[in-house]
Amino acid sequence: MEIKVRAFGIAKDILGFREQTLSVENGETILEFKKRLLSQYPKFEDLVSLAFAVNEEYCSEDFVLQPLDEVVIIPPVSGG
Amino acid sequence: MEIKVRAFGIAKDILGFREQTLSVENGETILEFKKRLLSQYPKFEDLVSLAFAVNEEYCSEDFVLQPLDEVVIIPPVSGG
Amino acid sequence: MTDSLMDIQVLETPLSVEKCTAFVQDPAAGGTVVFVGTVREWTKGKRVLRLEFEAYKPMAIREMTKIVETVKERWEALKICVHHRVGVLEIGEEAVIIAVATPHRKAAFEACEYVIDTLKQTVPIWKKEVFEDGEVWVAAHP
Amino acid sequence: MTDSLMDIQVLETPLSVEKCTAFVQDPAAGGTVVFVGTVREWTKGKRVLRLEFEAYKPMAIREMTKIVETVKERWEALKICVHHRVGVLEIGEEAVIIAVATPHRKAAFEACEYVIDTLKQTVPIWKKEVFEDGEVWVAAHP
Numbered sequence: 675m676e677i678k679v680r681a682f683g684i685a686k687d688i689l690g691f692r693e694q695t696l697s698v699e700n701g702e703t704i705l706e707f708k709k710r711l712l713s714q715y716p717k718f719e720d721l722v723s724l725a726f727a728v729n730e731e732y733c734s735e736d737f738v739l740q741p742l743d744e745v746v747i748i749p750p751v752s753g754g
Numbered sequence: 675m676e677i678k679v680r681a682f683g684i685a686k687d688i689l690g691f692r693e694q695t696l697s698v699e700n701g702e703t704i705l706e707f708k709k710r711l712l713s714q715y716p717k718f719e720d721l722v723s724l725a726f727a728v729n730e731e732y733c734s735e736d737f738v739l740q741p742l743d744e745v746v747i748i749p750p751v752s753g754g
Numbered sequence: 008m009t010d011s012l013m014d015i016q017v018l019e020t021p022l023s024v025e026k027c028t029a030f031v032q033d034p035a036a037g038g039t040v041v042f043v044g045t046v047r048e049w050t051k052g053k054r055v056l057r058l059e060f061e062a063y064k065p066m067a068i069r070e071m072t073k074i075v076e077t078v079k080e081r082w083e084a085l086k087i088c089v090h091h092r093v094g095v096l097e098i099g100e101e102a103v104i105i106a107v108a109t110p111h112r113k114a115a116f117e118a119c120e121y122v123i124d125t126l127k128q129t130v131p132i133w134k135k136e137v138f139e140d141g142e143v144w145v146a147a148h149p
Numbered sequence: 008m009t010d011s012l013m014d015i016q017v018l019e020t021p022l023s024v025e026k027c028t029a030f031v032q033d034p035a036a037g038g039t040v041v042f043v044g045t046v047r048e049w050t051k052g053k054r055v056l057r058l059e060f061e062a063y064k065p066m067a068i069r070e071m072t073k074i075v076e077t078v079k080e081r082w083e084a085l086k087i088c089v090h091h092r093v094g095v096l097e098i099g100e101e102a103v104i105i106a107v108a109t110p111h112r113k114a115a116f117e118a119c120e121y122v123i124d125t126l127k128q129t130v131p132i133w134k135k136e137v138f139e140d141g142e143v144w145v146a147a148h149p
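Heads up: the sequence lines are chains B, E, R and L, in that order. Residue 675 is where the first sequence starts when you use this note's numbering, and the numbers rise one by one after that. Residue 675 is where the second sequence starts when you use this note's numbering, and the numbers rise one by one after that. Residue 8 is where the third sequence starts when you use this note's numbering, and the numbers rise one by one after that. Residue 8 is where the fourth sequence starts when you use this note's numbering, and the numbers rise one by one after that.
Calculated directly from the structure, the hints in this document are not laboratory data. Among the hints, a few may not be true.
Heads up, incomplete: computed chain L residues facing chain B, CB under 8 Å, no partners named [to be verified]:
#1 P21
#2 G44
#3 W49
#4 E61
#5 A102
#6 Y121
#7 K127
#8 V130
#9 V137
#10 F138
#11 V145
In silico DSS-like links for lysine-lysine, alpha-carbon gap of 30 Å or less [as the list claims (entries may be wrong)]:
#12 E:K686 - R:K113
#13 L:K53 - R:K79
#14 B:K686 - L:K26
#15 E:K717 - R:K113
#16 R:K79 - E:K686
#17 L:K64 - R:K73
#18 B:K708 - L:K53
#19 L:K53 - B:K717
#20 B:K709 - L:K51
#21 R:K113 - L:K51
#22 B:K686 - L:K127
#23 R:K73 - E:K708
#24 R:K127 - L:K26
Built from N, CA and C at the ideal position, the CB exists for glycine as well.
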């Protein structure tokens, strides 16, 4: 299935894109998606944290992705 | 000897004046001055506190008044 | 009492949050905290028409300066502004503005709160609340 | 997210302390505390030329709204304003302004500090410091 991926801050720099459609396994969880991301882009390992949001809400690692979900990759925030 | 007395806030209302020259005993302390004030104007007894300043500084009750000192009567403050 | 690092005034004219905040701006500041004390409409269920503040001005400035000196030392504050209004104030008007800039923000919160708490205890300024049916010197009686 | 009691915005234009403070004015307020976060010139001994902020805007507004809702409940805040700037900011410019009005002042200090502390932990906004010899996403690495 396909999902949309958006990245901000340093995540965007590591990935080299701000927005892209990616193919993932049907019923993939955030945890599985994260593992694949880390193995493909090891620089994510160096970050203090790595969170994900779907539908403008933080989601837990057992969240099951649906086709056309927009997954937002959230590196450590630093507003304020 | 003579001293100058200034009063603010409710102290001014109780005394009925804002500024006056008063005669006191030579070498009178703030404590003695305060006692005389309380007996002459019993409404001061009702206040939460009563402080005195000489030369723009709070002074303790054993402070000895000098001729021409300006004694400022400071009822409970309520700035801010 | 005004120099380049502190601005302490008792004023008969309306206060300005913008001015107080601008004064404490500093390239080394990481956080600025501003306290604004306004005239409340209700106190203990009674409607306040207006407030009247009076100050023993030279001593008020002196006492505020002491507070500010403590803050500069204890919290390494960079710049501090304390403006207190006197005279007749209408509901919603600013009675006091305190702005503190520090390198790190936690200190700015603590320092600003210390200034207002201490100001209310030691600075010779008095507030009279005027109601429809009378007036009261605030905090005078138990 | 703006109604009569809260004003939460992510803006590309300069912020205004005056506006944020004015928004939270309330006849029932006894204390207003305003936090202003500015761009610092030095960080760990290095000179910052400018900052660049980016936000995941809809979620940033949502997360800020959650914080504000908590504050309204926990501290009985009357009105709250949170304005966060994004884009390129020069030294001394305001990055964030948080204003909280409560009936009693202690609550305003606590609530305002809670907003900035929590905002820095949960709101999806990112800050890049630009130096003469490179740039760094703040807080990304240990």
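Checking each numbered hint in turn, tell me which of them this model violates, lowest number first. When the structure is compared with the hints, numbers 1, 3, 6, 9, 10, 12, 14, 15, 16, 17, 18, 20 turn out to be violated.
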